[in-house]
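Mind docking chains B, C and D on chain A? Use the hints.
Taken in sequence, the protein lines are chains A, B, C and D. Be aware that the first sequence starts at 1, since it is given in our numbering, and climbs by one per residue. Be aware that the second sequence starts at 1, since it is given in our numbering, and climbs by one per residue. Be aware that the third sequence starts at 1, since it is given in our numbering, and climbs by one per residue. Be aware that the fourth sequence starts at 1, since it is given in our numbering, and climbs by one per residue.
FYI, nobody ran anything at the bench for these hints, they're computed from the structure. A hint or two may mislead.
As the list claims (entries may be wrong) - Residues from chain C that face chain D, not an exhaustive set, calculated with beta carbons under 7 Å:
id, residue
1, Arg5
2, Gly6
3, Ser18
4, Gln21
5, Lys24
6, Val68
7, Ala96
8, Ala107
9, Val108
10, Ala157
11, Gly186
12, Phe308
Beta carbons are placed, not taken as given, at the ideal position from N, Cα and C, and that holds for glycine.
4 protein chains.
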Amino acid sequence: MKNIRGFASDNNAGVHKSIMQAMKDVNVGHTIAYGNDIYTQAALEKMKKIFGEETDIYFVFIGTAANVLGLDAITQSYHSIICAETSHIHEDECGAPEKFTGCKLLAVSTKDGKLTPTAIKKYLYGFDFEHHSQPHVISITQASEMGTVYTVDEIKAIAELAHENNMLLHMDGARIANAAARLGLGFKEFTGDAGVDVLSFGGTKNGMMYGEAVVFFNKELSKNFKYVRKQGMQLASKMRYISAQFMSYLSNDLWLKNALHANSMASLLASELKDVAAVKITQKVEANGVFAILPKEAVPELQKEFFFYVWNEETSEVRWMTSYDTKAKDVRKFVRLIKEKLS
Amino acid sequence: MKNIRGFASDNNAGVHKSIMQAMKDVNVGHTIAYGNDIYTQAALEKMKKIFGEETDIYFVFIGTAANVLGLDAITQSYHSIICAETSHIHEDECGAPEKFTGCKLLAVSTKDGKLTPTAIKKYLYGFDFEHHSQPHVISITQASEMGTVYTVDEIKAIAELAHENNMLLHMDGARIANAAARLGLGFKEFTGDAGVDVLSFGGTKNGMMYGEAVVFFNKELSKNFKYVRKQGMQLASKMRYISAQFMSYLSNDLWLKNALHANSMASLLASELKDVAAVKITQKVEANGVFAILPKEAVPELQKEFFFYVWNEETSEVRWMTSYDTKAKDVRKFVRLIKEKLS
Amino acid sequence: MKNIRGFASDNNAGVHKSIMQAMKDVNVGHTIAYGNDIYTQAALEKMKKIFGEETDIYFVFIGTAANVLGLDAITQSYHSIICAETSHIHEDECGAPEKFTGCKLLAVSTKDGKLTPTAIKKYLYGFDFEHHSQPHVISITQASEMGTVYTVDEIKAIAELAHENNMLLHMDGARIANAAARLGLGFKEFTGDAGVDVLSFGGTKNGMMYGEAVVFFNKELSKNFKYVRKQGMQLASKMRYISAQFMSYLSNDLWLKNALHANSMASLLASELKDVAAVKITQKVEANGVFAILPKEAVPELQKEFFFYVWNEETSEVRWMTSYDTKAKDVRKFVRLIKEKLS
Amino acid sequence: MKNIRGFASDNNAGVHKSIMQAMKDVNVGHTIAYGNDIYTQAALEKMKKIFGEETDIYFVFIGTAANVLGLDAITQSYHSIICAETSHIHEDECGAPEKFTGCKLLAVSTKDGKLTPTAIKKYLYGFDFEHHSQPHVISITQASEMGTVYTVDEIKAIAELAHENNMLLHMDGARIANAAARLGLGFKEFTGDAGVDVLSFGGTKNGMMYGEAVVFFNKELSKNFKYVRKQGMQLASKMRYISAQFMSYLSNDLWLKNALHANSMASLLASELKDVAAVKITQKVEANGVFAILPKEAVPELQKEFFFYVWNEETSEVRWMTSYDTKAKDVRKFVRLIKEKLS
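Isolated chain A, as found in the complex (with noise of 0.2 Å):
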């Protein structure tokens, strides 16, 4: 199955040939590390220029330690942040979270990857009262690990109960992308705008190699941010690289583009399946996430010529996803694997 474009993840996919030029580009010469460099400013410049100039902004390796190290930014350790029971900073960080901010995660349980201000203020109480964690972080994924993407009112309303109970809100946008095509809006408009306080700005999953963005909305939180990174073992020393993969990704739409792309083909691939009865696709399809239960004997045959993950052993249900290189020629040709393996 070598390099086969697959279902599994959208990190299984390579670097988009535009990100990787624009790398090689910048290897020239010496330039200074750590990120004081020409190529980094300009790129910090750009970001400034999407989301305003009263941010800051920060590169860090990778998605978890955005969300970690934005989260510790804003922290202290008897507080508790509320998420979604499949939020990643929840299910797939190995405790990284807790490990680093000392926080306690209250896990909300959701039916598709959402909170609503209904399921959070369930833990909205025990303010002030000092045997109880603090609440003071609400975080949510955009778009959702479910593939499900939160409109503009519905993080305005979130933001609102968080600012009224002198919370803040957090968004771990590791597929922000996806959710700013679907939403046909800029990243400034559900976020700052919408009252984000802290992003964790993806792009490895659609298109770059490494590299995530820590974006702050209010620069009191982030003026000790330096030191965070530092200590928390995510500043690069050759930065440029990093700098440069985000002036491609964010340059000519390429991020647009990108994710836009994978979304339709996540459209397609569900569109084509509704006819299918034994397929049962579970989430509404926002996003480049596809859920859906089949029957149990059904996956391993699947798995041999294209791998995904099953989602829930319990109920047999499974994650397919797309990514901006999958082809229309892939989505047909897994259909038809899809259609012959069940019928």
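Leaving out everything else, chains B, C and D in the frame of chain A:
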């Protein structure tokens, strides 16, 4: 001064063109993420050929993380770690070791950046006494932060001292290639064979873009390291691009050619300055760094044309680093400038 | 309301006079500090008589510390700890377990404060998968925070589930005496003999002043605990005064008499309220706590004379705790007041 | 040697009888737990009379915790804490400060246990440089671990240095009473008035059973301390028994009488040994400790009758501590023994 090759840091150099090509070569289709890919398996096998089949090896993003996570794997928080006062883990990682491991660092004063059994022994007391952080690890840097290199016998003597006291020996090998080039030895002969238990194996300062390896010479020490790496925010999703770098770096003696060249450029610089009375070389030049005391007023003048760092403000000691891409003509130009400014 | 015996908390009661006397009795001359004294040796021997010679036992200051340090001794930071949503370690320790151990707590919803194998199993997945905090400890509270008591069989079933999965069973025994009194068993029969690996053994809520014990039923688990306790800021200098308390508490069945009495007072309170239509007892009364739903408007009226805590604002559920010094006349007076206010 | 008054540690002494009586006196009925009781309010008010109305004061169990939590309140993990190599926080707390705060401790070599501005200045660099742990706190011990006492002017000079650099001054006052007795001053004059920002106020080494206070001279620093204390496992449930001790300790000059006596016993010991040629007193005797170098072979002989600790095995330096209950006859007996063994 854009992209001028200077003497500030080996981190300022770019990526060797063979390594850049190797990264491009693996940029084909999908591969499984997080290190279960064929490129990573191949790179790890190549490293095991070098370090021994009984080793256990993990890739991380940077040197600070290689040090911190390698130390974390072999300590409990009530342990202490003995290191040189000038060591990177004590001086240049913003407290990352303390934050992540909870351990106490005991910083030993040295003349040349190298620990000795005599200097270490002063800290070997309080064993079994619960009020005292238990000495558990000795950490040495090869080549040292002062541009000096431990001989095999020096390493063996420290390893013996460690093991006699049920302690472990950690080596920060951020510049291990420069040390190997100097010693004329393979990596294994002065690491695992000399008694090193855990090694941070670096390449970024010698032509790579990012990526460092933690090498365990005893699998018992690393049996849970995959969790430490993940929780430590150092598990790369698109691992193949780190692996490709290591594969190229370790092929065709690229690492050695680069290191030999960098070392020779430092030697050249030192030797050309031997007769300049106003420049006092303060450390043996055994790797790719030259430390020298200059008249204080000359420093800013020189920095205007070739940026470099002052190591010690008080004594006006400066550090000049050469790298794999330093040219002899760069050295000669710099020497001419020094002579001109100091005469 | 100065010093009136109320129903707010068993922590509000004073110190039993025999225990106070015992503290005075050891106040003679000098003894070696930090637990190497004859009083501490005697108290530990007494405890080993109860729990078995193969146990290893350490005194700490408070219950939160007994829980946190006991858990720390048996976990690495990449582990998760499964507990009831109402457990003290999740709800009432301000995140101390996360801060000190770095572990993730998985909070399980329960009806009566008691975990069951079925409820736990939902969380037993992701073993060996490095992205997932590794489930490693199940923590139960005996008697539970809801005033209920696990039977020996219930504990054994959970212990088996834990051990089958290479996990460990922790018991928070802040009110272990009340549970033992209820079960009519010695401490060992429903702890070590039932499969508990580590126990927080409390006495402060049953007549002691301060001091709690961490009991390890397997010395392999505690071999470095003396360092954990010291680094955890829980090694008392004048240890003899903790030891004297335990010696007195465990002599002449003082612990049992106190617990039986407290339990009987809770039973009396519950039974006297059985016929009060406006009061709905919500949990089985198996130890020294009574949970009840009252008309919301009555609560402040009652609190004016006997302070107690509202457990759940929304449902107007309150918690009444009895203690070793509660008098039957206190209960009757309180019941009369309730009847008066609610009629 | 049961209960013989020796010279090993002031922690080996018992509890002063007035303090024991005070604990008994508050053992009446129920009081609200966790510090909201009348006894605690009264004790805090008494302390505010001493330290000033603008202070904020919290009780904890022990000195290690007072130090660690006080430091935690005023640091972030990327800070460093400058202290003497002999300080309790560096040498005798098993790494508790590093584990809990994540900070780096910088241990300064001293002759007499006391820091000086000159010695500190060596560590004041790297401000604003993210690779370097940011120097943020200077911690001094009064009386020092070597039995010496800072003058008011010495403290002011260090405080000025700290504040000029936007740093804070912490004082470990485990033996603050002995220092006050020596200086002939009230507590405030050489703490808050001299520029100390946070103080660990101890009493256990001077007649109390347990309990220490953290005194903040600026409420901004302590605004979240109640959470730090709770998460730090130092919030006592039955707080009244700590408060009663402090109330008694601070009444009728009990603290002063005890400290004056202990100091005078150390003076007596030192003066009686002045003429013994084989005993070399190594530190000024300004509080209740005497440091001396003895012939190595004499040490075990002496320890058989009066246990004490060897401070430095190599030089055969020993430490003798006196306490509030040391009798002049104890000193004379010990001196006779020394003379006998050394002649």
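Under the constraints set out in the numbered hints, which ones does this structure not fulfil?
3, 4, 8, 9, 10, 11 and 12
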